[in-house]
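Keeping their order, the protein sequence lines are chains A and B. Residue 1 is where the first sequence starts when you use the working numbering, and the numbers rise one by one after that. Residue 1 is where the second sequence starts when you use the working numbering, and the numbers rise one by one after that.
It cannot be assumed that every hint is accurate.
Stated by the list, open to error - To be clear about the criterion: a stretch of chain B counts as covered by chain A if any three or more of its residues have a C-beta under 8 Å from a C-beta of chain A, and this derived list gives those stretches:
| hint | segment |
| --- | --- |
| 1 | 177 to 191 |
| 2 | 262 to 268 |
What the hints assert, rightly or not - One side only, chain A facing chain B, incomplete, derived with CB under 7 Å:
| hint | residue |
| --- | --- |
| 3 | Thr27 |
| 4 | Tyr31 |
| 5 | Pro117 |
| 6 | Glu297 |
| 7 | Thr298 |
| 8 | Glu352 |
| 9 | Tyr359 |
| 10 | Gly366 |
| 11 | Pro420 |
| 12 | Val425 |
| 13 | Gly428 |
| 14 | Thr431 |
| 15 | Leu432 |
| 16 | Ile435 |
| 17 | Ser463 |
Calculated from the structure, these hints are not laboratory results. All of these numbers come straight from a predicted model, not from anything done at the bench. Glycine included, C-beta positions come from ideal geometry on N, C-alpha and C.
So you can see what is in the structure, the chains are spelled out below.
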Amino acid sequence: MKYLIKYKIALFLILLAFNACKEDIPTSFDYEPYAYAKNDETGGTWHSVLIADVSKLNIPDPPAAGSSAELADLNELKSAAANPTADQLKAIRFWANDGITRWNELARELISKYNLPPSPNPDGTYSVPSSATPDKYPYFPFSHPTYACRALAYLSGAQYDAMIAAWSQKYKYNVASHQSADASIKLNLPISNLPTYPSEGAVIASVSKIMLTALFPLEKARIEALAAEHETSLLWAGRNTRSDIKGGDSLGVIVANEFKKRMGSDGMKNAQTSKAVSDSIKDAAFKRFGWSWKNLETPERPVGITPLFGKVKPWFIPSVEAVRPGPPPAIGSDEFNKAADELKNIADNLTEEQRRIAYFYGDGIGTYSPPGHWNRIALEQAISAKMNPLRLARVLAYMNYAVMDAGISCWDTKYYYHYPRPSQVIPGFKTLLGIPNFPSYTSGHSTFSGAAAAVLTHFFSGSKAEFDRIAEEASLSRLYGGIHYRFDSETGLAVGKNVAAYSVGVAALDGVD
Amino acid sequence: MKSFFQLLMLLIAAFGSLKAQTPADNIMMDKGRFCGALIYSNDHWDHYWEGTLKRTNGNLGTVTRQSVTPMFSLGLTRKINLLASLPYIWTQPSDGYFLGDKGIQDLGIGIKALLVNKHMGPGRLDLLAYAGYSTPLTNYNKDYLPFGLGLGAKEGVLRGIFQYQLDNGIYLSGASSYHLRGNIKIDRDYYYTDHPIYSNIVDMPDAIMYSLRLGAWIKKDLLNVNVSYDGMNTQGGFDIRRQDGPFPSNRMNNTMVNGFAHFYPRFAPGLSIFASYGRVLSGRNVGQSTAYAVGLAYQFGVWGARTEMAQ
Chain A
1 MKYLIKYKIA
11 LFLILLAFNA
21 CKEDIPTSFD
31 YEPYAYAKND
41 ETGGTWHSVL
51 IADVSKLNIP
61 DPPAAGSSAE
71 LADLNELKSA
81 AANPTADQLK
91 AIRFWANDGI
101 TRWNELAREL
111 ISKYNLPPSP
121 NPDGTYSVPS
131 SATPDKYPYF
141 PFSHPTYACR
151 ALAYLSGAQY
161 DAMIAAWSQK
171 YKYNVASHQS
181 ADASIKLNLP
191 ISNLPTYPSE
201 GAVIASVSKI
211 MLTALFPLEK
221 ARIEALAAEH
231 ETSLLWAGRN
241 TRSDIKGGDS
251 LGVIVANEFK
261 KRMGSDGMKN
271 AQTSKAVSDS
281 IKDAAFKRFG
291 WSWKNLETPE
301 RPVGITPLFG
311 KVKPWFIPSV
321 EAVRPGPPPA
331 IGSDEFNKAA
341 DELKNIADNL
351 TEEQRRIAYF
361 YGDGIGTYSP
371 PGHWNRIALE
381 QAISAKMNPL
391 RLARVLAYMN
401 YAVMDAGISC
411 WDTKYYYHYP
421 RPSQVIPGFK
431 TLLGIPNFPS
441 YTSGHSTFSG
451 AAAAVLTHFF
461 SGSKAEFDRI
471 AEEASLSRLY
481 GGIHYRFDSE
491 TGLAVGKNVA
501 AYSVGVAALD
511 GVD
Chain B
1 MKSFFQLLML
11 LIAAFGSLKA
21 QTPADNIMMD
31 KGRFCGALIY
41 SNDHWDHYWE
51 GTLKRTNGNL
61 GTVTRQSVTP
71 MFSLGLTRKI
81 NLLASLPYIW
91 TQPSDGYFLG
101 DKGIQDLGIG
111 IKALLVNKHM
121 GPGRLDLLAY
131 AGYSTPLTNY
141 NKDYLPFGLG
151 LGAKEGVLRG
161 IFQYQLDNGI
171 YLSGASSYHL
181 RGNIKIDRDY
191 YYTDHPIYSN
201 IVDMPDAIMY
211 SLRLGAWIKK
221 DLLNVNVSYD
231 GMNTQGGFDI
241 RRQDGPFPSN
251 RMNNTMVNGF
261 AHFYPRFAPG
271 LSIFASYGRV
281 LSGRNVGQST
291 AYAVGLAYQF
301 GVWGARTEMA
311 Q
């Protein structure tokens, strides 16, 4: 009997020592709904990027004060907000502060979900995703880093122009909060004294729905359900009447369609080239420099990721040539050998901290990629500054424009120089991270990060050191992972910074930072 | 992909059998006796299941996982034994550009109790229970499957074991265990399973493992041989998506057949050698491993009057 007791005690201790309690693991950024730091009453006059004149956009007038339509609206709002259920309260909180955060998170989620390269066919060939048949494997899109930076630029850009348009209309109609019209209407969110018509939340829901559906067509049903929940949550919150929501939704449609038009004709559909075009780009580089990059997978992928992304229409840089860096060191030169030796030395002596950095910024397949990483950083900054949705959209838009321009510039550089990855030219060199399917020089992570850090520094100058540290680490992470030379990373960071200056220059025109 | 599991199962198989150095009524070591063993194992696969899709991967070729594991057991009493093991593991793909990994994996400790041991009908019935705990001893890379050394989780194990052995030495035994796993921390704070997760914490699914074994003691305990059918069922977890990499919280299942032999040379009392060979039959999110192991064990009395084998 004695041993049985001992046995039970031992078992109890084992279970105690064992971390049996499971924590709640966050699936989105949780923050307290907040009142806006500023209203930015003149925001409707800020520079819009694609819509020439936001004041000329037409939406229906709100119901006249004292009309029966207004009364019906207010009665509906009063009853919707009176007793929200637990699920409704959850939705109100989730979509609070107008949902840009949530739509951005959804974009990052979809980028992660679709960020998987096509699997090889049994005969060793590869199929290419097609927007004409998105549901046929390989599914459309393959949201690799260039697709990701472009998706986020169009989403955030459309959201921002739509917010400028919303502000323009809001201060034109100047409809006060519904609680000031009828104090008995319950408000389930912090007070906002932004004019309520049109609803800025509904503008965001509608513009985001259209952009994300165009970018991720297989997700249409889910996106539509989320947009419907977002708009309805504004009623449950006591924030917006049905007319506010309808007005906002129709404004979102107008703006989104302009962005969709540009998206359809920006050159992306030609960026993933045929093998013949890809080979001619490679041959041109070989003639010019005496080297060329090749895919190192088995079976070999015939075409790298978007060889002609460098020809996609940029937002603010005058041309890719204007920001293209000089050539990397010749293979076998002293400078090259020094960089290669450094990589071998890092790989042989990798510290745990270096490994952590390689993984933390890895942002490879199945993730939101470096542009997604920076969106997360930007949003957390903007929320802690209690930015209103116009300001918040502005930060994201200028950052994502710069990040897409950085991607375009970087991809131009990558395929212009067609520089081999370390494992292609250093005999026996193995890596911790998967080797990306595009040339080495310059580092995409570094270019994206240099650009994002510079734009964020413009908006949040107090955090410059932190942004620089993150960009630097993201850049170095590629050396630790064994997939980039130091000169890839350092040049990429510098080019990213240059590219960002064009975006910051446009933002600065508003004179409000 | 996680041939880690095959290794684990192999070790369990070897572990169980190691303790069965004598017939079942002597499965436990006698009071005061100590046994040390050193096991080499080799596990390799070139096919794996990506979710339920069986495939090869030219960027990996054949993935080989080898280990050397010292194991110890000590008879506290004839009915209570303490056990410990600590594998050193190294992994390597045959093709492609991924680095392998190497290092010390998880320290496992456990206590085993003989609860029932009685003669019934033409043979003898044993019922045993095992409770164990394992924890990574090094901060190895948990987010680097199939090359990572292990899943990185602290794990509590409860296992029930029965064995019925005829007086002529033929036996049937079975075991089933529940593996309770703690969350792990990885080096990034965002990952996607079938939904996005904004944390470096990974909620690890538990697992159930089972084994059914038919064997025999031959020539008065000169040789113990058996074949077994073993399986693992992860309780939850998600499938690897097309062309994605594996992840510690995948739903890893498999079934496996194993053969085992343990030889006790008469000329060297206390010394024994053993070997096992196994093959995965079916799986999900794991490699189709072929695995073998060889080991050497030596046991001797530490305290107490008796120094000979318990039997």
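Hint-by-hint comparison with the structure:
1. 177 to 191: Answer holds; 9 residues pass the 8 Å Cβ test.
2. 262 to 268: As far as the segment 262 to 268 of chain B goes, the hint is violated, because 0 residues have Cβ atoms under 8 Å from chain A.
3. Thr27: holds, 6 Å
4. Tyr31: Since the shortest Cβ distance to chain B is 12 Å, the answer is violated.
5. Pro117: holds, 6 Å
6. Glu297: holds, 6 Å
7. Thr298: holds, 3 Å
8. Glu352: holds, 6 Å
9. Tyr359: Status holds, d = 4 Å.
10. Gly366: holds, 5 Å
11. Pro420: violated, 13 Å
12. Val425: Hint violated; Val425 (chain A) Cβ to chain B Cβ min 12 Å, cut 7 Å.
13. Gly428: violated, 10 Å
14. Thr431: This interface hint holds because 5 Å falls under the 7 Å limit.
15. Leu432: holds, 6 Å
16. Ile435: holds, 6 Å
17. Ser463: violated, 18 Å
In summary, the structure is inconsistent with hints 2, 4, 11, 12, 13, 17 from the numbered list given earlier, while agreeing with the others.
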